[in-house]
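Protein chains: 2
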Amino acid sequence: MQPFDTGAAHERILRHVQQLIQLTEDEKAYFLEQLKPRVLRRKQFLVQMGEVCRFETFVVKGCLRAFAVDPKGQEHVVLFALEDWWISDFQSLSTEQPATLYVEALEETHVLQIEKKELEQLYLAVPAFERFFRLKLQNAFISFQNRIFSTISQTAEERYLAFRQRYPLIEQRVPQYLIASYLGFTPEFLSKIRRELATRR
Amino acid sequence: MQPFDTGAAHERILRHVQQLIQLTEDEKAYFLEQLKPRVLRRKQFLVQMGEVCRFETFVVKGCLRAFAVDPKGQEHVVLFALEDWWISDFQSLSTEQPATLYVEALEETHVLQIEKKELEQLYLAVPAFERFFRLKLQNAFISFQNRIFSTISQTAEERYLAFRQRYPLIEQRVPQYLIASYLGFTPEFLSKIRRELATRR
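Sequences listed follow chains A and B, in order. Start counting the first sequence at 1; every next residue gets the next number (our numbering). Start counting the second sequence at 1; every next residue gets the next number (our numbering).
Read the hints as simulated data drawn from the structure, not as lab findings. Treat each hint with caution, since some may be false.
Simulated pairs of lysine-lysine, BS3-like, Cα-Cα distance not exceeding 30 angstroms [to be verified]: (1) A:LYS136 <-> B:LYS117; (2) A:LYS72 <-> B:LYS72; (3) B:LYS28 <-> A:LYS136; (4) B:LYS36 <-> A:LYS136; (5) A:LYS116 <-> B:LYS136; (6) A:LYS136 <-> B:LYS43.
To give an idea of the chain A side of the interface with chain B (calculated C-beta under 7 angstroms), a few residues [unchecked claim]: (7) GLN97; (8) PHE149; (9) SER150; (10) LEU183; (11) PHE185.
Ideal Cβ placement from N, Cα and C applies to all residues, glycine included.
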């Protein structure tokens, strides 16, 4: 595993945060002090169903998926996260109830984590972070709305093409059977769509 | 139609807001000044697909549904809103792109609306509203996560029962065929579930 590069990670998260809010030098220093680095091996879990999720997590490097498991043991991918994404079982983090999702690293992944109580303190110490996370949640909400709309109103092929266009990096880094699961397709059905698209080119 | 009772509406929204944040008398007055009352008849649209949604809307009295229309003209209920809910086409409001949803009053409905530019001003003038809407979005995000999880992991009957338990008021006020649409059932399938539940009591 690669060692965690704290300097580069801090630079990355500050650049990310400052796309939405302005911070003073003191606020930056305070924020960075709250963050804990963590390295996950491939297939290691960040969150496990049934355990309370206590961290908000920023992806510095790597790739993860969140998934739920149905009563038959079948996995369903709910979302992916790459560099510069935040991921957690948001419900569990907020309510302190056991997680209903798993979050698993798909490759070696470096993250910065902030514990719930430190995050609450951060909101009080640096209120600009209220704005930052409001805007992040706003975007997440919009992509949920998009996803519902796309499920309702687009054909399977259109949904696959929209996914590829919206998340080109995920398409390159994630195995096809997981993309199929995210889209609610069987792997065979996704292969069929891909073959049809290829012959039409 | 009943006249809009501004005093009662202001009292209601202040009570609602102050469950999550504290406001000074000046902040309350400033906030209330930004709000515009509106009365919708039954079947009147608050948001129409294709038009840019310019308002965030708080329901004082009444009931609405947000729905999308698929290419075959079939309607799909995305969410309901009752008293004390906020509703808009959030994507359209944020991005200023045309709405992908309709929002329609299911009964005579009284709302308070705040225009996007006044809302942006409000965030600057009263930063506690950043927190307020962050917490509101957080709850919305959690119910989306719940809904995805429930679709994946529960039987149709369990989903219907969970809906009834979670939203008892909606169950009482909204026609069954719209609840069927929200749950992704045909009306016939929902009737069948209800009959089965009734015979088991």
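Do the hints match the structure? See the list:
Between LYS136 of chain A and LYS117 of chain B the CA atoms are separated by roughly 19 angstroms; this keeps the pair inside 30 angstroms, and the hint holds. Distance restraint check for LYS72 of chain A and LYS72 of chain B: the Cα-Cα separation of roughly 33 angstroms exceeds the 30 angstroms cut-off, and the hinted pair is therefore not satisfied. Distance check on the hinted pair: LYS28 of chain B and LYS136 of chain A sit about 26 angstroms apart at the alpha-carbon level, within 30 angstroms; holds. Distance hint between LYS36 of chain B and LYS136 of chain A is fulfilled; the C-alpha atoms sit about 27 angstroms from each other, no more than 30 angstroms.
For the hint pairing LYS116 of chain A with LYS136 of chain B, the CA-to-CA distance comes to about 18 angstroms; that is within 30 angstroms, so the pair holds. Taking the CA atoms of LYS136 of chain A and LYS43 of chain B, the gap is near 34 angstroms; set against the 30 angstroms cutoff, the hint is violated. Residue-level restraint check for GLN97 of chain A is violated (minimum Cβ-Cβ distance to chain B is 10 angstroms; threshold 7 angstroms). The beta carbon of PHE149 of chain A is positioned within 7 angstroms of a beta carbon in chain B (closest approach about 5 angstroms), and the interface hint is therefore held.
Annotation: interface hint on SER150 of chain A violated; nearest CB of chain B at approximately 9 angstroms, more than 7 angstroms. Residue-level restraint check for LEU183 of chain A is violated (minimum Cβ-Cβ distance to chain B is 13 angstroms; threshold 7 angstroms). Here the hint on PHE185 of chain A is broken, as its CB sits about 14 angstroms from the closest CB of chain B, past 7 angstroms.
In summary, the numbered hints that this structure violates are 2, 6, 7, 9, 10 and 11.
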